[in-house]
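For the record, the sequence lines run as chains A and B. So for the first sequence, the working numbering puts the first residue at 53; every next one is plus one. So for the second sequence, the working numbering puts the first residue at 16; every next one is plus one.
Hint data in this document are derived by calculation from the structure and do not stem from the laboratory.
In silico SDA-like links for lysine to any residue, alpha-carbon gap of 25 Å or less:
| # | chain 1 | residue 1 | chain 2 | residue 2 |
| --- | --- | --- | --- | --- |
| 1 | A | Lys140 | B | Ala428 |
| 2 | A | Lys173 | A | Ser244 |
| 3 | A | Lys140 | A | Val191 |
| 4 | A | Lys140 | B | Ser434 |
| 5 | A | Lys140 | B | Glu423 |
| 6 | A | Lys140 | B | Ala271 |
| 7 | A | Lys140 | B | Gly220 |
| 8 | A | Lys140 | A | Val349 |
| 9 | A | Lys140 | A | Asp225 |
| 10 | A | Lys140 | B | Glu402 |
Given the structure is predicted, the values throughout are model-derived calculations rather than measurements.
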Amino acid sequence: MQSNARAVGAGRTASTAGRSPRRDALVAWSFALPFLLLFLVFMAGPILVALITSFTDLRVTDIRNPLSVDFVGIENYAAVLGDERFQKAAANTSAYVLVGVPLAIALGLGAALLLNQGIVKFRTFFRVGFYLPVVTSIVAISVVWRILLGTETGLVNAILGAFGVDGPGWLSDERFALWSLVAMAVWHSLGSLMVIFLAGLQTISGDLYEAAEVDGANRWQRFRGITFPLLRPTLLFAGVITGIGYVQFFEEVYVMTQGGPLNSTVSLAYYAYDQFSFGNYAYTAAIAFVLFIAIAVLTAIQFRLLRPAT
Amino acid sequence: MTSKRSTGVAIAAFAMMFALAACGRGDEADASDGGAASQAPEVDTGAASGEIDVWAMGTEGENLGVLAESFMADNPDITVTVTPVPWDAAHDRIVNAIAGGEVPDVTMVGTTWMGEFAALGGLDPTPSNIDGSEFFEGAWNTTVVDGTSYAVPWYVETRLLYYRTDLAEEGGVTEAPATWDDLKALAEGIQSAGAEYGINLQPGGTGSWQTFMPFFWQAGGEILGEDGAFTLDGEPCVEALTFYDSFFEEGLTAPAAADVPVEGEFANGNVGSFVSGPWMIGIVTDAGADPETWTVAHQPTEEAGTSFVGGANLAVLSDADNKEAGWAFIEYLSQPEVQVTWYDTVSDLPSVQSAWDDEALSGDALLSAFGDQLSDAKAPPSIATWEEVAAEIDTVIEQVTVGDMAPEEGCTAMQETASSIGTE
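Next up, chain B with everything else stripped away, as it sits in the complex:
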């Protein structure tokens, strides 16, 4: 009995393997020839009607209903249903939806997920009614995978240097740092003025690449070369990693991740500066920092003054039932006035450049500093394996800053691991 059954199982397994082997991978289609992002033909969004289901994460998911209401008032033929999805579950839920073909019409997509979802074949190419040049270039590039745009930037964020002007002045620094040397001098000055640490840089850990990569770009580095292969081990990487590590070597930043939030330390003067995004304006203010004592500054410039651009995109799914209405909704959300309304609702920074002319944004000195930086901000390449490569970069940063790995070794390790992971 037993032997008969196991023979049966073995036969079934072999039959399955054979069936699988019979279908192997076909020849992969060639990647595009580069150049400007290609887009799908125009979609007649004016005539759209019917129902659409929209997924959005976090605060955006909770508040998108406000914009959906006004969209439906303008377009009575379209009914929008917004489904809030928690950030933690969003990635897997979208992957499962794409795999099963039961998808929403429109979904919010984290910028670093674009490569993966596009490689899955889950996203609809952006129609030509949407003009990519209206958006910040760095943000638009996050929608482009292998030369084709698959989404529209919805909101953006970028990273600036927050620093205590009072401590800096006490330490003899009166101007915002323009170069790497200035940044180092700022940290030293603030520390000499009595701060425990002149700056707060992440010693590795999840997401530390977002603080490190700007230095890499500032040194003239590019994550992918012309031929689409990783170029992480060049001179720019070594320079950037050496510079980053020098803050740890010289005791200018905490040697291990602190368990006290940086905003409190910043407000009471223990930490004199840090690099972060626009959401910290409110958090630092709430932590009790006197607005007179701090400001934000553009990233320092070496070869370039580039920062990191993040945020989220809006995409229509390729299996969606009502793509026309989906694109109509995205078109609506990309209008400058609507982007300003959205800023007023949840403080998300507009991805459309002309929205920044509005008084609400241009009238605020701190915010317009973010607007300036956005025209010189980059995102990592939209490749399917980016999350894995990023985790490897995080690991190497930790090994260099906390461990005793040399920056040269670190860059070689990044390059080797990234190459073995590949780009698709």
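The following block holds chain A by itself, in its conformation from the complex:
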């Protein structure tokens, strides 16, 4: 990395001899301009407006005169944090993240390890099988799972019934609904994690394993001593991507439970959507920024835990 940068630097000085750095900067900016304009107009601008909105009392009834709103300081943020439904949604979202992400990563890694070493026959079949949910729309998946998990008409309870077990209301009982959604989400994200880990595993040289084997390391020691440390960057990437996805848990809740029963599956993103549809725009903006901070904190923690060992 270091030497690369120096080489590029050296080349630049040679080829641009005689030109002013000012002109260089101008050329660079003009190349960056199309992106920069689009970014400012469609990303940074709206985000800034949303941030300002979150400190006002804007509601749907103000949208004909959006400038005639009052500033209320941090009132929205205080109200959001004190709201029982928000706290419930935050607790549910923590459950989605803290259970769903490690489970998805563990199972994705397990599937990748099996496909990389263990399973030789039908390898393509399993790869396609695990990856298929990823290329399917989450809405379609949710609809199918909702049917599978139905209390009286669902396939899962019909199978349980064949063994004499009276299956619970997977989506209508507040003790099971959240975990039913976690199970579905994990199954859905398993495939993409598996592909990421397979790619990571391919980069680990076989020589290392051979050497370890010669030294008498068993399967578990090889995993702990070689695979896991060398897979750290891949794990970090997988953790961050999956973590962000799970903090924004939405479609599953929207299609399958609408947050019920008894708010046991309401996620933060679903709660924000709910408030937006009630027309509480300023309040929703405040929720969105709280969610943003949560994602930033979670990602920072992951970087700290999984940074390359020095």
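Knowing the structure of chain A, use the given hints to seat chain B on it.
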């Protein structure tokens, strides 16, 4: 470079905040003094001409073209373009249209959206050519926001008790329930005759307030008091919620939302009764229920025998280009004959009372039961925040019926949350 840019952004942000702060809210105009709904001066709809764009949702949107054709035949100077809008997208699309000022001339409006759209300033007050007393009172009241009418009821629906007469008789009940006690006895009787559940009531979930609020009104409750503040936590609420919950406590209704449709369960006798609207007549018949075995009944009466009235209104938008022609079209759709034609086309029940004299409606025993109930049916108040308050009521109903919240606590929770949401 970086610090310079962020300073720039900060300055821009502050400038924007200052600009915003400079315009804050003016003093809100006082709400009206109550009494009869005020209407705008008469509009000369006879001389109307030009083009109008009409938005309508669902089945109505798909079939309104039929009425538009005959309207254009009567009024060759006016061209009507009907744009069907899916129900799911309709609310946001109308809000966006009002916000942007690019509106249709006439739109269909769900009755519970009236308060919000009127507060947005998006609707034109109803001119005095339209006589509010021709419509069912409950339906007309949905058009009135802060004392001014902003729309015309187009079609209505109300909720009745559907029950299996054969099972009821087997359980010793031979007459339609007149009181709450009778309703409870009916459910018990049907259950003793072998039904799995005597009645089907919604255990919370979206829209369960529409089944619960009639009980609240029957107990003498009002959603808003004289002073315009919520009155959800009084004795009527506790009585109604206790009564509603008792069906769950006593196992007379399913403890969780079922994933099998109620009509099939009703037809095969697993569920003996339920509360729903006129569309279920056809659905229950299609599900194979023998017409001899079931009927509909007026809501039971305690302090009152009130039911819920829903449906849709027609409104002219305040930014419309051609309001005269818009009102002319609405006037046409409100004629009793046209309302009957509309019933024949899509089975929407007429909002105009005199349309019910037609043989097509008065000759049908089930339908005329709905007509009777419509003269004692209420809608929630037309306030901008109703959808949010309703969602809270749905949540509390679930907490009481499925969860272990006491009805008293439930009513207090409804009142507290509704008050913190407010009415505008």
